[in-house]
Amino acid sequence: MQSLRFVRAVAFATYKEWAAYRSHMAVSIFIGPVYFLVQYFIWHAVYASQDILNGFTLSEMLTYYGVMSVITYLTFDFADWNLQMLIRTGKYVTFILRPVSHVGFALAQKVGHRTLGFWMEFIPVFLIYLFIFKIKLLPPQPFWAVLSIILGFLMTFFVNYSIGLTAFWLTNAEGVRRVFLLMRDITAGVFVPLSFFPDGLQNVLFYLPFQFMQYVPVRVYIGSYELAGITMSIPQVVGLQAIAVLCMWGVCQLLVHLGARKFTGVGV
Amino acid sequence: MKSLLACYRAVIKTKLAERMAYRTDFAISVLLMLLGDFMIPLVTLLVYRSGASFPGWTLQEALLIQAVFTLAKGVAFPFFFGIVSTTLYHVREGSFDVFLLKPRPILFLTMMNAFDLDDFGRLISGGVLFGLALSGVPAPSALHWIQFAVLFLCSLLVLFAFSLFLSGLLFKWVGSSRVYDMFDSMSMFGMYPGTIFSKVFQQLFTYVIPIAMIGFLPASALLGKGADGAWLSMGMSIVFCGAGLMFWHGMLRNYTSAGG
Chain A
1 MQSLRFVRAV AFATYKEWAA YRSHMAVSIF IGPVYFLVQY FIWHAVYASQ DILNGFTLSE
61 MLTYYGVMSV ITYLTFDFAD WNLQMLIRTG KYVTFILRPV SHVGFALAQK VGHRTLGFWM
121 EFIPVFLIYL FIFKIKLLPP QPFWAVLSII LGFLMTFFVN YSIGLTAFWL TNAEGVRRVF
181 LLMRDITAGV FVPLSFFPDG LQNVLFYLPF QFMQYVPVRV YIGSYELAGI TMSIPQVVGL
241 QAIAVLCMWG VCQLLVHLGA RKFTGVGV
Chain B
269 MKSLLACYRA VIKTKLAERM AYRTDFAISV LLMLLGDFMI PLVTLLVYRS GASFPGWTLQ
329 EALLIQAVFT LAKGVAFPFF FGIVSTTLYH VREGSFDVFL LKPRPILFLT MMNAFDLDDF
389 GRLISGGVLF GLALSGVPAP SALHWIQFAV LFLCSLLVLF AFSLFLSGLL FKWVGSSRVY
449 DMFDSMSMFG MYPGTIFSKV FQQLFTYVIP IAMIGFLPAS ALLGKGADGA WLSMGMSIVF
509 CGAGLMFWHG MLRNYTSAGG
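For the record, the sequence lines run as chains A and B.
At position 11 of the first sequence the residue is numbered 11 (my numbering), and the sequence of numbers has no breaks.
Throughout, my numbering is defined as the position within the second sequence, counted from one, plus 268.
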């Protein structure tokens, strides 16, 4: 009960803090549809000579990018940047002195930030895609879609937080952070559906945690899952996603433990 | 002019020394630029590999457009596009006032301060991509090279104009890093063959906001494809750059400082 009060208080404070910069977030109403418009033209041109490409029809491909775009507004995270800044500047020391874990604090911050993002980014862009681009954005299995997005939200947080933890070992982890983020986005299917990659690479991607951040929520939202020739039912893949989130939480906790022993409070 | 060059040389030396304090991070950043710039070409490659294509464009031709785009950014980002991040940071911190006090043109000082070594990675990736794409198309004639050179200069003018518009915005829209997202989303139109877009968008991005000039038009000239309206778009690029300069100075006049 006390933890819930703590999460609510931190989330509310973060919400209020970011609401002061709401115009920064509201730009997504312009950026999201512009990105989508480019994809719209690209895929219309590509599909001019064929009906199916790597198992996707034109309509499914546009749905994939539309859903990917709106889900990103729900799972977006910058815990890695925040954490590495705290460690580099030594400000992390104030969290060691507090009677709450920084992981919980950062997660609560993300809840507050994304709550604001929900109505400032997700809802307007969702409506634009639905009514202007006529993209099928209503999931066939809403319960599993919502559950998968929640798990994707947690997975994104744990992966990003773990990336931020590299700052314990590297004085300036910005370069490493950006390499990780790039690899993460590629292997999460942000640029192109993972089924476009060569078969051998798809087999590797299947065993990495990154597909559970965005690719799996998008496929669950659409209502079918396939990667590296492996097809699963929606409950099966969401179950697998839940196990992956638990494993990533364990990895994150281990890194926090190891990193704390390395921390010297440089810059304080 | 001599004193301006001396200033620039001094800043480059200082920035180099500053960056070498974190050599590993610098090396990773440059490597990352290389990897990051290969992302869009990778998507194009995956699309073509799956048997699809942009109608009327071979893989090498499509890659050449993206290579020219990357090359233009490779020149723009280290030398002048950084004025966006400089304005963003100094206006937010209240330290932009320092530029106003120095005895050199303010735009020059902002550009000089924005010089970014890391962004040379983009120049390398642009060069590599350009070489790779060019090796797969018939050798351009001397005339095509001249046309390309002129249009490439215009692409730099367009990027300069964008940097001025985005930087100018930040005098009022304090601290919003979303201006980069705005640029990235809009400039995507310049990375693909203009012919895949509808007529309205083709005209919009050729004659009004000349984004097609950043990658598509210079690459078309090199390929001898002679895209419609390239010369009119060239004039528009100059107008666009002029508008950018006016906008930036206009916004600077409205700058009220944060009291830092």
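These are computed hints drawn from the structure, not numbers from a lab.
Treat the hints with care, as some may be off.
Stated by the list, open to error - Chain A stretches covered by chain B per the calculated footprint, using a threshold of three residues with CB under 8 angstroms from any CB of chain B:
#1 49-57
#2 178-189
#3 201-215
Backbone N, C-alpha and C fix where the C-beta goes; we use that ideal spot for every residue, glycine too.
Output the indices of the hints that this structure fails to meet, ascending. 3
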